[in-house]
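Engineer: Sequence:
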Amino acid sequence: MAFKLANQIKRTVPDHPASVAVLKYALALILNASMIIVLTLFASIFTGRMVEAVMILVAFALLRQISGGIHLKTGMACVLVTSAAFTYISCIALNSWWTNLFTGIALILVLCFAPSKIEKQSRIPVQFYPLLRLLSSLLVCTNFVIGSSVVAIAFLVQSLTLIRGRR
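Read in order, the letters of the sequence shown are residues 6 to 172 in our numbering.
It should be emphasised that the hints constitute simulated quantities derived from the structure, not laboratory data.
Treat each hint with caution, since some may be false.
Derived BS3-like pairs (lysine-lysine); straight-line CA-CA distance at most 27 Å [to be verified]:
#, residue 1, residue 2
1, 29, 78
2, 9, 78
3, 78, 125
Restraint-style ranges between C-beta atoms, simulated for each label pair [as the list claims (entries may be wrong)]:
#, residue 1, residue 2, range
4, 50, 30, 27 to 37 Å
5, 13, 135, 41 to 51 Å
6, 20, 165, 39 to 49 Å
7, 10, 131, 25 to 35 Å
8, 9, 89, 21 to 31 Å
9, 132, 16, 37 to 47 Å
10, 83, 150, 26 to 36 Å
11, 24, 139, 34 to 44 Å
12, 110, 9, 36 to 46 Å
13, 132, 110, 25 to 35 Å
14, 22, 101, 47 to 57 Å
15, 13, 152, 26 to 36 Å
16, 9, 132, 34 to 44 Å
These numbers were taken from a predicted model, which means no experiment stands behind them.
A virtual CB, placed ideally from N, CA and C, is assigned to each residue, including glycine.
Please work from the sequences and hints to get the whole structure.
Structural biologist: This is the structure:
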(Lines of atoms letter the chains of each structure in order from A; the text may use other names.)
(Lines give C-alpha, C1' and ligand atoms only; values in the text may rest on other atoms or scores of the structure.)
Protein backbone atom coordinates (compact mmCIF):
# COMPACT_ATOMS: atom_id res chain seq x y z
CA MET A 6 0.00 0.00 0.00
CA ALA A 7 2.83 2.40 0.87
CA PHE A 8 4.50 1.69 -2.48
CA LYS A 9 1.29 2.47 -4.40
CA LEU A 10 0.78 5.69 -2.46
CA ALA A 11 4.41 6.72 -2.96
CA ASN A 12 4.13 6.14 -6.71
CA GLN A 13 0.89 8.11 -6.84
CA ILE A 14 2.49 11.02 -4.97
CA LYS A 15 5.50 10.96 -7.30
CA ARG A 16 3.23 10.93 -10.38
CA THR A 17 1.19 13.82 -8.99
CA VAL A 18 4.25 15.86 -7.97
CA PRO A 19 7.11 14.58 -10.17
CA ASP A 20 9.47 17.43 -9.21
CA HIS A 21 9.30 16.66 -5.50
CA PRO A 22 12.85 16.03 -4.22
CA ALA A 23 11.93 12.86 -2.28
CA SER A 24 12.41 9.59 -4.13
CA VAL A 25 9.74 6.90 -4.31
CA ALA A 26 11.82 4.81 -1.86
CA VAL A 27 11.95 7.62 0.69
CA LEU A 28 8.23 8.31 0.31
CA LYS A 29 7.46 4.60 0.64
CA TYR A 30 9.50 4.33 3.84
CA ALA A 31 7.82 7.36 5.43
CA LEU A 32 4.35 6.24 4.38
CA ALA A 33 4.97 2.72 5.70
CA LEU A 34 5.86 4.15 9.12
CA ILE A 35 2.76 6.32 9.18
CA LEU A 36 0.48 3.52 7.97
CA ASN A 37 1.87 0.99 10.47
CA ALA A 38 1.54 3.35 13.42
CA SER A 39 -1.95 4.38 12.34
CA MET A 40 -3.08 0.79 11.91
CA ILE A 41 -1.74 -0.18 15.35
CA ILE A 42 -3.57 2.73 16.96
CA VAL A 43 -6.84 2.08 15.12
CA LEU A 44 -6.83 -1.69 15.71
CA THR A 45 -5.93 -1.35 19.37
CA LEU A 46 -8.55 1.32 20.03
CA PHE A 47 -11.17 -0.61 18.05
CA ALA A 48 -10.48 -3.74 20.10
CA SER A 49 -10.59 -1.71 23.31
CA ILE A 50 -14.18 -0.71 22.52
CA PHE A 51 -15.14 -4.37 22.84
CA THR A 52 -13.03 -5.00 25.95
CA GLY A 53 -14.13 -1.80 27.66
CA ARG A 54 -10.50 -0.89 28.34
CA MET A 55 -10.10 2.27 26.22
CA VAL A 56 -8.24 4.30 28.89
CA GLU A 57 -5.78 1.46 29.48
CA ALA A 58 -5.25 1.00 25.74
CA VAL A 59 -4.46 4.70 25.30
CA MET A 60 -2.04 4.58 28.23
CA ILE A 61 -0.26 1.60 26.67
CA LEU A 62 -0.09 3.22 23.24
CA VAL A 63 1.45 6.38 24.69
CA ALA A 64 3.83 4.70 27.17
CA PHE A 65 5.12 2.12 24.72
CA ALA A 66 5.59 4.66 21.91
CA LEU A 67 7.43 7.16 24.09
CA LEU A 68 9.84 4.56 25.43
CA ARG A 69 10.26 3.02 21.97
CA GLN A 70 11.25 6.39 20.48
CA ILE A 71 14.08 7.01 22.93
CA SER A 72 15.25 3.45 23.57
CA GLY A 73 14.89 1.65 20.23
CA GLY A 74 14.42 -2.11 20.05
CA ILE A 75 14.15 -5.00 17.64
CA HIS A 76 11.78 -4.97 14.69
CA LEU A 77 9.63 -7.71 13.25
CA LYS A 78 10.34 -8.81 9.69
CA THR A 79 7.25 -7.20 8.11
CA GLY A 80 5.11 -4.20 8.83
CA MET A 81 1.96 -6.30 8.86
CA ALA A 82 3.47 -8.66 11.44
CA CYS A 83 4.28 -5.63 13.58
CA VAL A 84 0.73 -4.30 13.28
CA LEU A 85 -0.90 -7.62 14.16
CA VAL A 86 1.45 -8.64 16.98
CA THR A 87 1.55 -5.17 18.54
CA SER A 88 -2.21 -4.62 18.36
CA ALA A 89 -2.91 -8.05 19.85
CA ALA A 90 -0.33 -7.54 22.59
CA PHE A 91 -1.63 -4.07 23.49
CA THR A 92 -5.20 -5.34 23.62
CA TYR A 93 -4.17 -8.24 25.84
CA ILE A 94 -2.07 -6.03 28.13
CA SER A 95 -4.95 -3.58 28.53
CA CYS A 96 -6.98 -6.36 30.21
CA ILE A 97 -4.34 -7.12 32.86
CA ALA A 98 -4.54 -5.63 36.34
CA LEU A 99 -1.65 -6.11 38.74
CA ASN A 100 -1.34 -5.20 42.38
CA SER A 101 1.21 -2.57 43.40
CA TRP A 102 3.88 -5.15 44.28
CA TRP A 103 3.86 -6.66 40.75
CA THR A 104 3.57 -3.21 39.18
CA ASN A 105 6.69 -2.02 41.00
CA LEU A 106 8.53 -5.27 40.26
CA PHE A 107 7.78 -5.06 36.51
CA THR A 108 8.73 -1.37 36.49
CA GLY A 109 11.99 -2.21 38.29
CA ILE A 110 12.83 -4.99 35.82
CA ALA A 111 12.09 -2.62 32.92
CA LEU A 112 14.37 -0.02 34.51
CA ILE A 113 17.23 -2.53 34.85
CA LEU A 114 16.81 -3.64 31.23
CA VAL A 115 16.75 -0.04 29.99
CA LEU A 116 19.87 0.77 32.01
CA CYS A 117 21.65 -2.26 30.56
CA PHE A 118 20.52 -2.20 26.93
CA ALA A 119 19.13 1.19 25.85
CA PRO A 120 19.46 2.48 23.26
CA SER A 121 19.29 -0.58 21.03
CA LYS A 122 19.16 -0.95 17.26
CA ILE A 123 18.57 2.73 16.51
CA GLU A 124 21.58 3.28 14.28
CA LYS A 125 19.62 2.86 11.03
CA GLN A 126 16.40 4.49 12.25
CA SER A 127 17.81 7.64 13.80
CA ARG A 128 20.09 10.52 13.00
CA ILE A 129 21.06 10.90 16.65
CA PRO A 130 24.86 10.87 17.01
CA VAL A 131 26.40 8.10 19.12
CA GLN A 132 27.71 10.58 21.69
CA PHE A 133 24.07 11.24 22.72
CA TYR A 134 23.28 7.56 23.39
CA PRO A 135 24.04 7.90 27.14
CA LEU A 136 21.48 10.73 27.25
CA LEU A 137 18.94 8.45 25.55
CA ARG A 138 19.64 5.81 28.22
CA LEU A 139 19.13 8.42 30.95
CA LEU A 140 15.88 9.68 29.38
CA SER A 141 14.63 6.11 28.96
CA SER A 142 15.40 5.40 32.61
CA LEU A 143 13.67 8.55 33.80
CA LEU A 144 10.62 7.72 31.72
CA VAL A 145 10.40 4.22 33.21
CA CYS A 146 10.87 5.70 36.71
CA THR A 147 7.77 7.85 36.25
CA ASN A 148 5.73 4.70 36.69
CA PHE A 149 6.98 4.37 40.26
CA VAL A 150 4.97 7.57 40.83
CA ILE A 151 2.05 6.82 38.51
CA GLY A 152 1.74 3.20 39.63
CA SER A 153 -0.06 1.96 36.52
CA SER A 154 0.01 -1.79 36.00
CA VAL A 155 -0.60 -1.52 32.25
CA VAL A 156 2.20 1.03 31.89
CA ALA A 157 4.50 -1.28 33.88
CA ILE A 158 3.74 -4.15 31.51
CA ALA A 159 4.09 -1.93 28.43
CA PHE A 160 7.48 -0.69 29.66
CA LEU A 161 8.56 -4.24 30.46
CA VAL A 162 7.55 -5.54 27.02
CA GLN A 163 9.29 -2.63 25.29
CA SER A 164 12.44 -3.05 27.39
CA LEU A 165 12.55 -6.75 26.48
CA THR A 166 12.84 -5.73 22.81
CA LEU A 167 16.13 -4.00 23.66
CA ILE A 168 17.97 -7.15 24.68
CA ARG A 169 18.68 -8.69 21.30
CA GLY A 170 21.32 -7.04 19.16
CA ARG A 171 22.63 -4.09 21.15
CA ARG A 172 25.50 -2.49 19.26
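Engineer: Each hint should be assessed against the structure and marked as holding or not.
Structural biologist: A quick look at each hint next to the structure:
{"no.": "1", "hint": "29 with 78", "verdict": "16 Å, holds"}
{"no.": "2", "hint": "9 with 78", "verdict": "20 Å, holds"}
{"no.": "3", "hint": "78 with 125", "verdict": "15 Å, holds"}
{"no.": "4", "hint": "50 with 30: 27 to 37 Å", "verdict": "31 Å, holds"}
{"no.": "5", "hint": "13 with 135: 41 to 51 Å", "verdict": "43 Å, holds"}
{"no.": "6", "hint": "20 with 165: 39 to 49 Å", "verdict": "45 Å, holds"}
{"no.": "7", "hint": "10 with 131: 25 to 35 Å", "verdict": "33 Å, holds"}
{"no.": "8", "hint": "9 with 89: 21 to 31 Å", "verdict": "26 Å, holds"}
{"no.": "9", "hint": "132 with 16: 37 to 47 Å", "verdict": "42 Å, holds"}
{"no.": "10", "hint": "83 with 150: 26 to 36 Å", "verdict": "30 Å, holds"}
{"no.": "11", "hint": "24 with 139: 34 to 44 Å", "verdict": "36 Å, holds"}
{"no.": "12", "hint": "110 with 9: 36 to 46 Å", "verdict": "42 Å, holds"}
{"no.": "13", "hint": "132 with 110: 25 to 35 Å", "verdict": "28 Å, holds"}
{"no.": "14", "hint": "22 with 101: 47 to 57 Å", "verdict": "53 Å, holds"}
{"no.": "15", "hint": "13 with 152: 26 to 36 Å", "verdict": "47 Å, violated"}
{"no.": "16", "hint": "9 with 132: 34 to 44 Å", "verdict": "40 Å, holds"}
Consistency with the previously given hints fails for number 15 only.
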